[in-house]
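Colleague: Using the sequences and the hints, build the whole thing.
Using full-length UniProt numbering, count along the sequence shown one by one with no gaps and you end on 125.
By construction, these hints were calculated from the structure, which means they are not laboratory data. Quick caveat, the model's predicted, so the values are computed rather than measured. A virtual CB, placed ideally from N, CA and C, is assigned to each residue, including glycine.
Computed Cβ-Cβ distance ranges for the label pairs, DEER-style:
#	residue 1	residue 2	range
1	Ile101	His15	14 to 20 Å
2	Ala18	Gly115	31 to 37 Å
3	Gly115	Thr64	32 to 38 Å
4	Thr88	Ala67	35 to 41 Å
5	Val107	Leu83	19 to 25 Å
6	Arg113	Lys68	26 to 32 Å
7	Arg61	Ile101	18 to 24 Å
8	Val2	Ala67	30 to 36 Å
9	Glu92	Arg61	36 to 42 Å
10	Gln82	Met1	22 to 28 Å
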Amino acid sequence: MVVPHHARGAQQARHRLAAALAGAVTPSLLADVVSVAAELVGNAVRHAEPLPGGVVRLAWRLRTVEAKQVIEVRVTDGGAQQLPRPRTAGAEDPDGRGLTIVDALAVRWGVERDGLGQSVWAELS
1 MVVPHHARGA QQARHRLAAA LAGAVTPSLL ADVVSVAAEL VGNAVRHAEP LPGGVVRLAW
61 RLRTVEAKQV IEVRVTDGGA QQLPRPRTAG AEDPDGRGLT IVDALAVRWG VERDGLGQSV
121 WAELS
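Modeller: As structure tokens, this is what we get:
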């Protein structure tokens, strides 16, 4: 799915992803996947360039591994000068927790770059 490279893009991603996966995964897994996707889209909007057309792309893949549901979410943007990395945010800091949240909820996550931009992905189960 494609959402605007704008603050409302994360909200659109949450709603559309929740609707697409409703009934396909457990409610607790759905809540975690939606939270991670919103953080990744929000980070793309705040810290990276858009893809052509002023958008960010969100994709997901649902599969079963050893009788467990596994979802990979991937957010692709136009890239940034620095690779995404978790920060340590103080109690009074208004932001800086996004990738820490992703790291806590995901089994694993990472960043891939190519000549067109970058993708940040997370795998949850």
